[in-house]
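Undergrad: Here is how the chains run, residue by residue.
Protein chains: 2
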Amino acid sequence: MKIQALKGMRDLLPAEQSLRDYIQGKILETYRAAGFERISTPMLEDMENLDKSEGGDNLNLIFKVMKRGEKLTAALASGDPKELSDMGLRYDLTLPLSRYYAANRNELPNPFKVIQTDRVFRAERPQKGRLREFVQCDIDILGDSSPNAEVELIDVTTRALLNIGFTGFTVNINDRRILRGMLESMGFAPETLDSVCITFDKMDKIGAEGVRAELTEKQLPAEAINALSDFIAAGDVTLDAVAARCADPAIADDLKYVLSTASALAAGRYAVAYCPSLVRGQGYYTGMVFEVTCPQFAGAVAGGGRYDNMVGKFIGQQVPAVGFSIGFERVCGILLEQGYQIPGAKAKLALLYQKGDDFAAVLHQAEALREQYNVTVLAQGKKLGKQLGQLEAAGFVGAAFAGKEEIKLFSERN
Amino acid sequence: MKIQALKGMRDLLPAEQSLRDYIQGKILETYRAAGFERISTPMLEDMENLDKSEGGDNLNLIFKVMKRGEKLTAALASGDPKELSDMGLRYDLTLPLSRYYAANRNELPNPFKVIQTDRVFRAERPQKGRLREFVQCDIDILGDSSPNAEVELIDVTTRALLNIGFTGFTVNINDRRILRGMLESMGFAPETLDSVCITFDKMDKIGAEGVRAELTEKQLPAEAINALSDFIAAGDVTLDAVAARCADPAIADDLKYVLSTASALAAGRYAVAYCPSLVRGQGYYTGMVFEVTCPQFAGAVAGGGRYDNMVGKFIGQQVPAVGFSIGFERVCGILLEQGYQIPGAKAKLALLYQKGDDFAAVLHQAEALREQYNVTVLAQGKKLGKQLGQLEAAGFVGAAFAGKEEIKLFSERN
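Order-wise, the sequence lines are chains D and L. In terms of the working numbering, the first sequence opens at residue 77 and continues consecutively. In terms of the working numbering, the second sequence opens at residue 77 and continues consecutively.
Check the hints yourself; a few may be wrong.
Since the list gives no way to pick out one identical chain from another, each pair is judged satisfied if it fits inside one copy or across any two copies.
Claimed, not checked - Computed list of lysine to any residue pairs in SDA-like fashion (alpha-carbon distance at most 25 Å, straight line):
| no. | residue 1 | residue 2 |
| --- | --- | --- |
| 1 | Lys78 | Glu124 |
| 2 | Lys459 | Ser221 |
| 3 | Lys143 | Met123 |
| 4 | Lys158 | Asn136 |
| 5 | Lys459 | Ala423 |
| 6 | Lys158 | Leu411 |
| 7 | Lys143 | Glu209 |
| 8 | Lys102 | Ile391 |
| 9 | Lys128 | Gly344 |
| 10 | Lys422 | Leu411 |
| 11 | Lys424 | Gln100 |
| 12 | Lys83 | Gly145 |
| 13 | Lys431 | Val313 |
| 14 | Lys204 | Leu335 |
| 15 | Lys458 | Asp133 |
| 16 | Lys278 | Leu148 |
These aren't lab readings, by the way, just hints derived from the structure by calculation. All values reported here derive from a predicted model rather than from experimental measurement.
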């Protein structure tokens, strides 16, 4: 039998699990204090729902569950591989939330401020840092179309990050519609915008000429390429400059409002920045998008945006929605790497008993010691000194002995 | 698109999720105080491992995940439906724990006292009370062959149940080997024992004659049937009477030790009883088995047993192991039904703001109020009286208003 966890999935050792539980607890505490309420949905969703969810590349990464019994027999007979599966493991928490809201909205408050934190699955090609099963930590506001919803999500998410000891980060904000409006006005066709954005996003690294070269290689229209690289070459890509090329001024006004209000709330504890090239991968985003980055780590530690059309797909009636997701694996990985210690954890004590001791009395003694310690009951080994050394190495602060009052603290031993 | 959760799986509304989080937290607190450490493993396991795991009927209930890409193409070409799947959703937490221990044992303490609490999946025929996705809450001790491991699991699990307000339960204990030894000595063939046990388990309801009738209907050997029904008819089925028909007296001694020690620990807070017909379904149990039942609810709220051969399948070397699992869904369902209230939860307050208010200042005010309340920031509605009524109905204790110090507590309103 195979003893390793499946590729791209992880067994968690006790120390890492404790850290994760602590961090998840702190994040939940911050979210709940802000009036957000936790829900949960099944790990599995209907395959048709997943297929129609505009999840971008993630739709190619769905783990599909096979039909069972007679339905499987019928599917096999049909010869169509698409028929073999009726449900799939969720690739994010946004599609399930939209379905959930549609199903349960009569019992939910309006606006609905909601927490989800649980596992999602993506059949990524296994490689370093790419997990196939990972935890997301999301908050969403459904039923509020005002940009205050964006501001509140940014406020609460950044407070959660600060509360777990995360510092030195930047909240990057953009509105997809402004960026896409500008690129379309320059002559790029709508279906090429994703590809253009990927190149545009590299402007800080490769400069106006680099952008021009890469877009030319992608065989995009020369006129549009010239317009974009001239625009970049002209100096700082400011929100005003981009907005001037976008049709609807209200979109830029809302973005400015979110940027200035979030900056005021940051009060210097973190940075808030307009990021003209930010788009986020998911196809379901309809307006503002945001991302938290740290200069010392590649990639984002949190990301989100507005997705006003997703719930409407289920109920035929638009429900404004915006969400912000903390990349839990990434955040935990960074904190672990930095040698994070859980503050205020109860000290571990071993209670050693010997063969023949009254075991019920031993367990009573353990329970009494638990006022002060987390107490592990263990049979005393033949070599006590060696056993005590192992316990100390495993993080125990000391040992007590069955039937005796004295506690031997390792810090007092000489 | 389909808005309901998949059959046999559940969307959890905020109130139920809060209760579950609270109960899980209390259970974890009890387990951790006793020196047990939480780990986690992936939801998916290798299909071959699952197939070979002696999970009894559960092996027929595995949700299988389809291969992807070229491997799927090859599997389809092979024409063998068994080839289509390479992994499956776990049906319990015991197989994954055994694999985990095999993979990570060099980094784990000995004995290893471990907590697992997470979702498992079984493709049950959907019906009331049968979930296809549900949470189990397990503790296990690996590396301890003494019956003190059984005693400790019973002590810690019952304390967890008591700590969440569960009372009036009985811990039923048996050793499979004693029961099977007696039945074999009476002339039942080993492969019929499961079926015999199911009938034997009904003796309290149907009596010796009922047992005789049902076993006769099952076409089992008349001589064995006579021996068993005479045995039941002779009076109370005591441990001594059963043990007298079993070859190894040490097995009965260990069972008596666990029964008497667990009774001493119970100190009248719950009952501990020998249950001669208890077997538990899983094929992997090798010795003692236990189950917690409540007279007012059908079925068990917790169950477990010793499984000394499971880890050995992975590493070719026996590792003694025993586990106890709380049926989390059942326990939460019962507590919800009883109108359980979460003690000491922070009160919910709404902070209402109006269009044009400085939203950064509103969020600052909310943060200050969070010293005392969980504070939800909401836009003030056009009809304030109606909005306040809705908030009160939703469990808020009162409302504050942007820029004002006063807090309107609903309990003070007249």
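Undergrad: Tell me, in ascending order, the numbers of any earlier hints that this structure violates.
TA: Of the numbered hints, 6, 8, 9, 13, 14, 15 and 16 do not hold.
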